[in-house]
Structure formats: C-alpha cells, structure tokens
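Going down the list, the sequences are from chains A and B.
The first sequence begins at 1 in my numbering and counts up by one.
The second sequence begins at 1 in my numbering and counts up by one.
Just so you know, the hints here were simulated from the structure itself, not pulled from any lab data.
Remember, predicted model here, so these are calculated numbers, not experimental data.
Be a bit skeptical, because a hint or two may be false.
A pair counts as met if it fits within one copy or between any two copies, since identical chains are not told apart.
Below are the DSS-like pairs computed for lysine-lysine, each with C-alpha atoms no more than 25 Å apart in a straight line [stated by the list, open to error]:
| no. | residue 1 | residue 2 |
| --- | --- | --- |
| 1 | 304 | 185 |
| 2 | 249 | 276 |
| 3 | 269 | 304 |
| 4 | 250 | 262 |
| 5 | 276 | 79 |
| 6 | 185 | 71 |
| 7 | 175 | 185 |
| 8 | 270 | 250 |
| 9 | 175 | 252 |
| 10 | 269 | 253 |
| 11 | 252 | 262 |
| 12 | 79 | 185 |
| 13 | 270 | 253 |
| 14 | 79 | 189 |
| 15 | 238 | 249 |
| 16 | 252 | 326 |
| 17 | 71 | 189 |
| 18 | 189 | 80 |
| 19 | 185 | 249 |
| 20 | 304 | 238 |
| 21 | 249 | 304 |
| 22 | 238 | 71 |
| 23 | 333 | 238 |
| 24 | 253 | 175 |
| 25 | 270 | 304 |
| 26 | 326 | 175 |
| 27 | 238 | 189 |
Number of protein chains: 2
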Amino acid sequence: MLRVLIDCFGGDHSPQANVDGALTALSRFEDLQLILTGDETSVQECLSGKSYDASRIEIVHAPEVIGCDEKPIDAVRLKKESSMMKAIRMLRDDDSISAMVSTGSTGALVAAALTRIGRVRGIIRPAFCPILPTMDGGRVGICDSGANVEVTAGMLRQFAIMSSLYMEHVYGVPKPRIALLNVGKEAEKGDEIHQQAYNLLSDTPEINFVGNMESRDLLSGRYDVVVADGFSGNVLVKTTEGTALELLKKLKKDIYSRTLYKLGALLMKKMFADEKEFMNYQNYGGSVLLGTSKTIVKGHGSSKATSVAKCIEQAYLMERSALAAKTEELILKYEHYED
Amino acid sequence: MLRVLIDCFGGDHSPQANVDGALTALSRFEDLQLILTGDETSVQECLSGKSYDASRIEIVHAPEVIGCDEKPIDAVRLKKESSMMKAIRMLRDDDSISAMVSTGSTGALVAAALTRIGRVRGIIRPAFCPILPTMDGGRVGICDSGANVEVTAGMLRQFAIMSSLYMEHVYGVPKPRIALLNVGKEAEKGDEIHQQAYNLLSDTPEINFVGNMESRDLLSGRYDVVVADGFSGNVLVKTTEGTALELLKKLKKDIYSRTLYKLGALLMKKMFADEKEFMNYQNYGGSVLLGTSKTIVKGHGSSKATSVAKCIEQAYLMERSALAAKTEELILKYEHYED
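Let the hints inform the model, and build the full structure from the sequences given.
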C-alpha cells in the first residue's frame, strides 16, 4: 500500500474538489491509501453519498485553515492545527506515509517543507517543477518556478538533475532535453550565475543539456525541461498562463461583437472547446516539489477535482518510480555530503 | 529641423525596410531630416524610383555590417566602418544630431550606447522600454527589458522614473500607473533587491507606484509601466510575444484540420486578421533606450517599413517632448551628482 496525505483545505474549491479528486485517484490505483486532513464534519459531508472503498480512506481532524494572505513563516509556526500543518507533521513523523498533496498557500507549503521535511541527501534546496503543454502536443517542465528566488549556479545544476530524472522516470521521456532559461542563446549571455550554470550543465554528462533557451521558445516543443532561477521561472510560467488566458478572453469578446463571428464560431464550437481544454492547466496536474525526502505536490489554488486527482497521480508515480533514491544517487556524484 | 540617424543595416529586412520606413516618417514630419548610414550603393538603390524631399535626406557611406551573432564588445571595437558604429560616432560628435534608430544587433547597440554615448546626468544605467498592447486596447511599457541583467534597487527606481516620464510625455498618459514585476503582490515578496525597490518606489511621490505585479496580469490593462530587472523583464516580454505567436500558429493549424472549421474561419476572416494585426509587434514601434543623453531607439530585428517608421516617430516625439531634460530634473532630486 502507498499512503498519501491530502490536505483538503486552502484551495478555491476546497474541500469538495480535494475530496472528489481523492476519490477519483482512489478508484484509479488499487494499492493507494489516502489520509484526508481537515475539518472532519466538512470532509464527511463531502464524502457522504459517494461510493468508495472506505478501508482505504482515513480522515484526520484539523480544524484550522491557512489562508493565502497569511505570512508563511507565521502560518507554519502558529497554525499547528491547520489541515496543511497536520499533514506536514504526519508526513515527517510517520514512516508508512510517503507523499502529500496540497492546494493551499504555496508560501506556507514551501516554508513547511523547508523547515519540517528533510531533503534528499546532497540537495541544497528543493525546487518546483510544473508542467506546461507544448504546441506540438508534448509537454515541458519548468524547474524552478518559484521556490527559490535567489540561486547559485550549483543549485541550477541540481534543478537540472532533479527535473531530468523526473521527466524520464515519471513521464517516460528518454534523455530529456534540458535547456537553461536565459536572455539569449549564446553561452556568455546573462549574469555570472547563468554563465557559470551554462558551464556546469555542459560538464554534466548524465543530463542532455542542449543550451540556453530564450523564453519565446518555451512552447515550441524543442525542450523537455527548462531550468531557471525561481524568480524568472515564475515569470515564465505565469506570463505563459496569463497571455493564453487573456488571448482566449479577447477572442471570446471579439466573437460576441458581431453576429457573423458568432455564426462562424458556432461552426468551430468543438475547436474552441478543444483549445480551451488544451490550455486548461487543470489537466496538467500540479507543481511537484523536487528534492524533498518525501514527495510533496502542490496543486493550483483554483484546482478542481480533475486537477487534484492528477496531483495524486503525480505523487503516486513519483513514489513508484523511486525518484528520490535515483535523485540522491546522481546528486551525490557531484556533491560532497556528510551526515 | 530635427536630425535623426537611421542605421540602414543589420535587420532581417534591411536595408529596404529601413529606407522605406525612413521615407514614410519623412513625409509625416516636415521638420525632420534623416541621415541614412550604410553601403551607399545599396541605399541609393532602395531610394531609386521613390519620390521624397531629397533636401531632407543624406546618405553616409558605411561599408560594414554588424551581424547578430558577433560579440558586442568586439563588434563595437573592431567594426568602426559599420552602419551602426558610424551612426553612433556621428550621434556622439555632432551636436546638431539628436537621435538614432537601429534594427541591428541589440548587444552591440547597448555596448556602443554605454561606451560611446553619454548618460543623462545622475542616471546609473540606461534601460530599454518596449511597449506591448493590452487586452483593453491600451498599452503597457516594460522597463528594463534586457539592457541590464543585474540591477540594484536604486536602478529599479531610476527605471521607474524614466519610464513614467516617457509614458506621460510621449504617450500622453497622465500619472502612469507604475508596477514592480515580482513573484507575488505582497511587499515582502521576491529577493532583497525587489523588497528594497518596493520601499524606494513607495517613497517616490513623483511617480504613481501601485505595487507589485504578478506577470500573469501584464496584459490586463491595469498598469501603464512594469518596472523589472533586465533578466526577468526580458523573460516577460519574450514569453508574452512567444505565447501569442504560438497560440495563433496553433489556431491556424487547427482551423485547417477540418472543413467545417475552415468554413467557420471564413466567416471570421476579418476578426482573425484583426487579432493578428493586434498582436503584430510591428505596430508598436521599438524599444526606446531611456537614460542616454541622446535618443536611441532599437527596432525589432524583423522590423518592416511600418515598424521602422514607428521607431522614427518615437525618436521624434522623445526629442520634441524634451524627455532627457525632464528626466534629468527628476533624477537629480534623488541622486547626488557631480560633474
């Protein structure tokens, strides 16, 4: 049995979406056991009337909720009875539990992961790696997308190693093509940290480093992972999502501006629905946190049930592929580490 | 008369697009005089058969061209007879010339501007400020978009002051709403430099600082200028352009996949043409370099005649609004400066 914690609160559609997503994942994997944290009565209400294997679901009462506007450090320290912090503590203390999924405050989750959960041996800092769809029907990971706003070249190499193994073992991409986000293609572009990182990545034969990437090529399908400092990685991901959403909104508005367009759009109804589905990040799961000793997956705050189920699937696959152990093995080739 | 230099080489459609753009601008402004630099024979060929006021056009022969893949510093030092470097030298030495437009290598232009052209008194480093269209029909400037991959908080405040004056005096935006690009809205987000910049911007009453902006809101129309370090500003601009282009490409491909969609798209032909035009950066001119003592406008490498004409218009308006003097006045309120 693989035991995974689901933080049922903190998202826009919590707790119903989290509970529904949990049940979907439960029915998909027979060797999965889920522990739901959150206000027991509310969680019970969400479960009532649904059919599921009750022997594989457990509820742990946690009356408090961490809001998105709370200071992460304060939330971690003071809200001990929150659904997120209870899950974090159980993840830390219970060896039979291997992973956790949350749609709550990103800041609090990162702070909790850093202070309460151990890292893979040799890892300097864990990093987020969300996935975006590319225009040729593939996908691209971005690592880091915001856990570390300041980085060193050595950290960037670790992000590359972690995310390469993730794409290979969880998504089955052979020899993932790894690029470094930079302001130009040439090796000497960017600040000193990025120049050093370029050299370090070139000197890491275990990964398939293909050079610098300019951000306009993110969706081209030419890269499997883009390595970035958390600041510009965050800008990269959010700008892509924002531009796609704003463009769709504009198209919709323009279509409604003339009867002729409405008529045309009627013929293309299925196509527009497909485009919307294609750009719907709910279909691509969450940001996994790479480099922690136990698996943590962060779903979008606006996650619906599909997205939560996808996050649980990601956690499941990460555990089943023994990603942390594989990461440790490769990282320790490059990092001196003493217990 | 306002005298402006046009570097006629280095762009994808040079020299024809540059010459055509020059003629368009020439016919638009009666008090404009243009000096075209580049291979004289080629430029003459581009001019032949066109009707224009020859008394306001001058050609300066420059046989060399700086390529986009050349090392900026080497290009500046070694290609003295290039169309770009000849223009830069004339801009520096001739007091009757006030501005320059180029569609050539960005790196070489920045290096030349930094080493050959003076700065507005008090300015630490000049910064690029390109303009993007927002979804409500407005526009937003991004400063810096790549001239400075490393910044200090003080530089970010200077970018804010320069770009605020630019939006106000060249685009007529009263009290431009200035935001700071960051990974979240709260004042304490980002690294130390961005946290310090947040405080500095809050303490600058001459600008209308409205707080941090997350990159997904760039096109929302809620901001007139986004202040950024050159690295993440570059990611912001290129990701927006890249995502829009990739989406349009995908739409086009999907439309051609079914007859029904082709039929629908036929009814929406004008709309799609409008969208394409809307997203065509050629219509929004170039990146002006703010903070240099003489005006420099950098057009996109792929600029066509419309875009070149727009760049010249920007240079014209910057000079006519005495932007550099206004900038100096405000900057010297905050910076100690000795000649």
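Each hint, compared with the structure:
With identical chains, the CA atoms of residue 304 and residue 185 are at most 25 Å apart between copies only, with a shortest distance of 24 Å across copies and 38 Å within one. In the homo-oligomer, the alpha carbons of residue 249 and residue 276 lie at most 25 Å apart both inside one protomer (10 Å) and across protomers (15 Å), since each shortest distance falls under that limit. For a Cα distance limit of 25 Å, the shortest separation of residue 269 from residue 304 inside one copy, 23 Å, qualifies, whereas the shortest one across copies, 36 Å, does not. Taking CA atoms no more than 25 Å apart as the test, residue 250 paired with residue 262 passes in both settings, with 14 Å inside one copy and 21 Å between copies.
For a Cα distance limit of 25 Å, the shortest separation of residue 276 from residue 79 qualifies neither inside one copy, at 38 Å, nor across copies, at 50 Å. Proximity of residue 185 and residue 71 under a CA criterion of 25 Å is satisfied inter-copy only: 12 Å between copies versus 38 Å inside one chain copy. For the identical chains of this complex, residue 175 and residue 185 are intra-copy neighbours only, at 21 Å inside a copy versus 38 Å across copies, given an alpha-carbon limit of 25 Å. In this homomeric assembly, residue 270 and residue 250 come within 25 Å of each other (Cα to Cα) both inside a single copy, at 18 Å, and across copies, at 15 Å.
In this homomeric assembly, residue 175 and residue 252 never come within 25 Å of each other (Cα to Cα): the closest approach is 40 Å inside a single copy and 31 Å across copies. Within a single copy, residue 269 and residue 253 get their C-alpha atoms as close as 15 Å, and across copies as close as 16 Å, so both meet the 25 Å cut-off. In this assembly of identical chains, residue 252 and residue 262 lie within 25 Å of each other by CA distance both inside one copy and across copies; the values are 9 Å within and 18 Å between. Taking the closest pair of Cα atoms, residue 79 and residue 185 come within 25 Å of each other only across two copies (22 Å); inside a single copy the shortest separation is 46 Å, beyond that limit.
For a Cα distance limit of 25 Å, the shortest separation of residue 270 from residue 253 qualifies both inside one copy, at 18 Å, and across copies, at 15 Å. For a Cα distance limit of 25 Å, the shortest separation of residue 79 from residue 189 across copies, 21 Å, qualifies, whereas the shortest one inside one copy, 44 Å, does not. In this homomeric assembly, residue 238 and residue 249 come within 25 Å of each other (Cα to Cα) both inside a single copy, at 16 Å, and across copies, at 21 Å. Within a single copy, residue 252 and residue 326 get their C-alpha atoms no closer than 46 Å, and across copies no closer than 42 Å, so neither meets the 25 Å cut-off.
For the identical chains of this complex, residue 71 and residue 189 are inter-copy neighbours only, at 10 Å across copies versus 36 Å inside a copy, given an alpha-carbon limit of 25 Å. In this assembly of identical chains, residue 189 and residue 80 lie within 25 Å of each other by CA distance solely across copies; the values are 24 Å between and 45 Å within a copy. Taking the shortest Cα distances, residue 185 and residue 249 sit within 25 Å of each other only across copies (23 Å), while inside one copy they are farther apart (33 Å). For the identical chains of this complex, residue 304 and residue 238 are intra-copy neighbours only, at 19 Å inside a copy versus 30 Å across copies, given an alpha-carbon limit of 25 Å.
Taking identical chains as interchangeable, the C-alpha atoms of residue 249 and residue 304 lie at most 25 Å apart only when both belong to the same chain, with a minimum of 20 Å there against 29 Å between chains. For the identical chains of this complex, residue 238 and residue 71 are intra-copy neighbours only, at 21 Å inside a copy versus 32 Å across copies, given an alpha-carbon limit of 25 Å. For a Cα distance limit of 25 Å, the shortest separation of residue 333 from residue 238 qualifies neither inside one copy, at 34 Å, nor across copies, at 36 Å. Proximity of residue 253 to residue 175 under the C-alpha cut-off of 25 Å is found in neither arrangement, the shortest distances being 43 Å within a copy and 29 Å between copies.
For a Cα distance limit of 25 Å, the shortest separation of residue 270 from residue 304 inside one copy, 22 Å, qualifies, whereas the shortest one across copies, 36 Å, does not. In this assembly of identical chains, the alpha carbons of residue 326 and residue 175 lie at most 25 Å apart only when taken from the same copy (15 Å versus 55 Å across copies). For a Cα distance limit of 25 Å, the shortest separation of residue 238 from residue 189 qualifies both inside one copy, at 23 Å, and across copies, at 15 Å.
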